[in-house]
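Asks: Here is how the chains run, residue by residue.
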Amino acid sequence: MFEGVPLTWFLILSTIMFFVGIYGFLIRKNLITILMSIELILNSVCINFVAFNKILYPDHMEGMFFTVFIIAVAAAEASVAIAIIINIYRRIVNIDVEKMNEMKY
Amino acid sequence: MFDFSYTIWIVLIPLIVFIVVGFWGNKFKPLVSGIVGTSGLFVSWILSIFTAYEYFFVVGKTDEVYQQITGYNTLWLQLTDKLHIDLGVLLDPISVMMLIVVTTVSFMVHLYSVGYMKDEKGFERFFSLLSLFTFAMLGLVVATNIFQMYIFWELVGVSSYLLIGFYYTKDTAVAASKKAFIVTRFADLGFLIGILLLSYFTGTFDFITLTSPTGPAIATPPAVTFLGLSVLTWSMVLIFMGGAGKSAMFPLHIWLPDAMEGPTPVSALIHAATMVVAGVYLVARLFPIYVTVPLALHVVAWVGAFTSLFAAVIACTQYDIKRVLAYSTMSQIGYMMLALGVSGMGGHEGLGYMASMFHLFTHAFFKALLFLCAGAIIHAVHSNYMYEMGGLRKYLPITHFTFLAACLAIAGIPPFAGFFSKDEILVAAFRHNTALFIMEYIVAGLTAFYMFRLYYVIFWGEDRTYHHTPHEAPKVMTIPLIFLALGSIFTGFIPFSHLVTSDRQVLEIETEWIVAIPSIIIALVGIGVATVMYRKQTELPKRFAQALKGFYRAAYRKFYIDEVYLFITRRIIFNHISKPIAWFDRHIVDGSMNGISFVTNQASGRIKGLQSGQLQQYALVFVSGAIILALVFIYLWT
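Chains as they are written, first to last, in our numbering: chain A, 113 to 217; chain B, -15 to 622.
Isolated chain B, as found in the complex (with noise of 0.2 Å):
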């Protein structure tokens, strides 16, 4: 067997740059922070790519099938003799290719911040806590274990906090970050509470041990209910749900809008490529489980489906470049949670799974791409709004050709690579679901559409007044735009139903021209009314609005989702729980404290003068005491 235990470096590479640059990086000048994380990760980047071929073309397989590979395992804790934490690294085909992912969309974006991040203030904090994210992101992505993928998953929360707030001198900025943490972490008690059912009722944390035919989840369930539904399906849901927050599925979604307050490399790690997918990839990771329990499954499709339609929808209204590119991830990541919760296992009945693995993977190079190409549009016309924009195309040549590839990929263009991945999931959902297909065809258009009209209005109409002439971004930046545009364009023909597949056997598909071509066509009418509606500037989306008067309205507002939580939690929950709570706690918790010490108090006060410093009282006292007890002695003593 082939020695995997190296792969322990992937992830551990990230952690020293970390150590290295956070202590002792104010000690150089900035630049050699930027070239040691980027190197660091590099190396990390090379190990990946090494690490996938070794495993997909060398000795992965056995007998036909991806084998479950652990590549290097050390015990972290020891609870009892068969409750133990452990730390490790696991090699299967969504492992690797998660690692791949990581490790291309970090280095990219480790390499553009080099430039886009120059003469900022905070240089070394940004690269040593972009490493802190990609170590744990890493650690996430190779978990051996349930409870090494709940540390590793709070740690990417933290990361993502930190880098959210990374401008922590901005109102805007503080507030983004906190929203993030406290809705992530709200979610994440959800995924606790999943993680002690299942573990509580099979014994293990282990992922090879949960997901094998023969496992304690699978083979034995737990015959326990709770209101009527068996306790695999509570904590499959509640697992969901911690994957819901990260990944920002509707109605946990409303942190990742405010979280483009972060610089823009962070958004395009992760708010784009890695940390959003993570919940994706849980589910996918406890997929053999999720199959047992249709009901979770039906949970995780229609979540999914519903964010994808409802994120895109909101998506067509907004006019912050960044926000349109989170409203579309959202949406993206809705597909890949549709695709799993109609897919099955094994064979044509896992297509859903191959499918949403597929689209994570090329929906990473081109989304991260968007990002940083609205990076480098943001950094040459100093503004987040798109109809501050316009006529680009002459200034930002490189930029523009990168961003129309990653358009064409996300809208489904063939023979980019988002139609060959969207394609697979649009034909799991019409195998499955009617209703879901419809949705998701839906979807499918308005994605083109909003694409293109974000397209259109940065880089077509005409010229705004801008600052100083827009320029095109360094080198060091436009080369990562067009190695990821170039993923975007051929990632779609990578065989991946030859490599991950929800049984890790070869899975031979074909492509259905009955669901493919109705795809291209509404993606290609989305693409000509953006075009007829914003090519040029016309009154057209304008009189568009007012004829859809009140849902542009609620669209453009994001349809209250952020006014209803504020509305459940400032007056539900502060004005009905908490506010009771803090009287509790000030008149009943701190009234009896403070009475005891006011007792205390009065009493001594009455006492002390008892203590007068006189010599002759004290010694009158104690010679009445004396003269007392020896009366007591004499008289009353038998």
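Extracted from the complex, chain A is given alone in its bound form (with noise of 0.2 Å):
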């Protein structure tokens, strides 16, 4: 399907990716965006491992278990994430990042 495609396109998308992933979590206040972005940071992560896999050594499979492990992992997260934004949304009905501030000196 891909055959043919160079690895540095893979590379680009996923860069393009990861910088959207940062900026996202940088510039936005709302945790559940910034939950997304980090989903995009991982993703792009997983891209350069399946592109390195498959272009470089087609007779290994390591960089797919990665690309697997980090979607489990992925999940985990989201999970434990959102769960706890529900209780920070519970304790001061709001889930803007600023507003979290109370553990500062």
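I should point out that these hints are in silico values taken from the structure, not numbers from a laboratory.
Incorrect hints may appear among the rest.
[Claimed, not checked] Here are the simulated lysine to aspartate or glutamate pairs, DMTMM-like style, with alpha carbons at most 20 Å apart:
1) K166/A <-> E210/A
2) K592/B <-> E210/A
3) K592/B <-> E214/A
4) K154/B <-> D304/B
5) K520/B <-> E372/B
6) K102/B <-> E456/B
Two chains, two separate frames, one set of hints: put the complex together.
Replies: Spelled out as structure tokens, the structure:
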């Protein structure tokens, strides 16, 4: 399906996704969007793993496995994060990240 | 060889009594504490008498010489193979004699206190502390080594402090106890340095080794010198400083008159008969070494002689009955020191040593008696001031006769005990140094004068207005008085020169009438003058005082020694030493500490803003850092 697509293209795609995720993480104030940005970052990494594995070492499967692990961990992380967000919402009726500064000095 | 190991119990019984009464005394009626304390001391007393009998008359002598016997010894602290500190019981003539003195006086004082302290608050505390003191004093006299002596030396200091401050709600008593403790502690600093010097250069603490003629201190004295004096002289003078502090020698005497704030039985036991002679005992204990350093011995003699004269003059002007007795004690201890100072070693040269110990022994009886009588008088009239007393001979017949016996003994009228011992001291001084002899001769007259001044003012003259008719003390108080009065009369006949001498051999002495007769005469003159001036109330003392105006005032104010001390401490030490040190402490030491904390505080105040609690701010910093690092790795890393 991707025969003939150079590695660089994949890398450009994943880099764009990564920085979009970083940008979202730094700029958006809503915790849910921040969580989504984190997912973007993780997925960009997944693309890297898969692309490197497929193109550079077609005989090995470690990159694929890692990607599967990352998807599993991301799912677990998302569930925990959403649980935390729900608790925060119950507490202060808000999910704006700037309001969450009780732990400063 | 006779087994003397039981002697440890003489020392231990008072300790056990102290612990028992101290911990559980308040569980029972107060009288129980008194009975336990007194009966414990009674056992110690009987054991001491038995020990003395066995030592002096049965087993102590081998080849005409009294042996030094270590009755009991245990290793307490092993420092190195050679240097170790033992605790034990050393028996030789002076320690056995001191055992008798301490247990006798202590037992009498215990018995007396049962009556005197009756219904006082803290009765059990009083008895437990008396036992503690007795334990400490006995441990001191039987010490086998100088370090054990130092330990118990401090312990008697502490118990003296506790007993002077017995009425701890009274400000003067608290001040007096602190003064006593600080002054003696200051003197003990010299003692400690002396001990360290002596043991460093001889390598031993043990008294038998130190004082043996073939020992390291005498046979091979260390050749080190400091400021032109041998190190042995230094250590002996410093050790004497400790002795002078405890024995209230000039100029470390200022605590003793104030120590009279304590209960009177305490004054009798600690500040008249036992603890204050510890200094004399210390010098006697190390006497073989003192003989080899004449300079130290001269210091002992002159300090003793000066103190005896100085204290006798002050005693003539004081009104507080206990203070008169306190100055009299200083004066008599000065006598003992002088006698040691003019003594030599062995044979007739050693007369002073024997006289000093003899006087220590007799003095313990009559001075304890005087204090106990004073206690009975104070008990009867509720005042310390002699001019609030008068005509008491009708009311207190037993106290009157025992007081008179003690006065005659201290004045040196034969056949009372003081005559014999004082006479020997005068003979020793006479043979050694005329100036010292004349000083002591004057002191003998002054002693007779101030004692009879006290006697006449208290017991003769007119009645004063009393709160209630003075009454004789109860039997439990008068029995010790009578016993000690018998001691004051008869102890002079003990053939002391056969028992306690510098070389522990028999010394044959005869009364030297050329010294004895003038000393009796001057004592009688002193008594006569006192009779004329104080037998009836006259204007004579006042006129006398006016004639000697400046001198009288100076003597009445104790020659301003307290003021000099205050001047030195307040004006010089506080202003020029303590204050700069306090300034240094407050500004430099505290300042640097405060400075460090101030700088830390300020710095953290500045940077704490970085921890804003804004998640995205942290993330931004983190990402920027990561990017910068990545750029560095890519473009600058070669």
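Asks: Next step is simple, just say for each hint if it's right about the structure.
Replies: Here's how the hints hold up against the structure:
{"no.": "1", "hint": "K166/A <-> E210/A", "in the structure": "42 Å, violated"}
{"no.": "2", "hint": "K592/B <-> E210/A", "in the structure": "18 Å, holds"}
{"no.": "3", "hint": "K592/B <-> E214/A", "in the structure": "14 Å, holds"}
{"no.": "4", "hint": "K154/B <-> D304/B", "in the structure": "18 Å, holds"}
{"no.": "5", "hint": "K520/B <-> E372/B", "in the structure": "15 Å, holds"}
{"no.": "6", "hint": "K102/B <-> E456/B", "in the structure": "15 Å, holds"}
The structure is inconsistent with hint 1 alone, although it conforms to all the rest.
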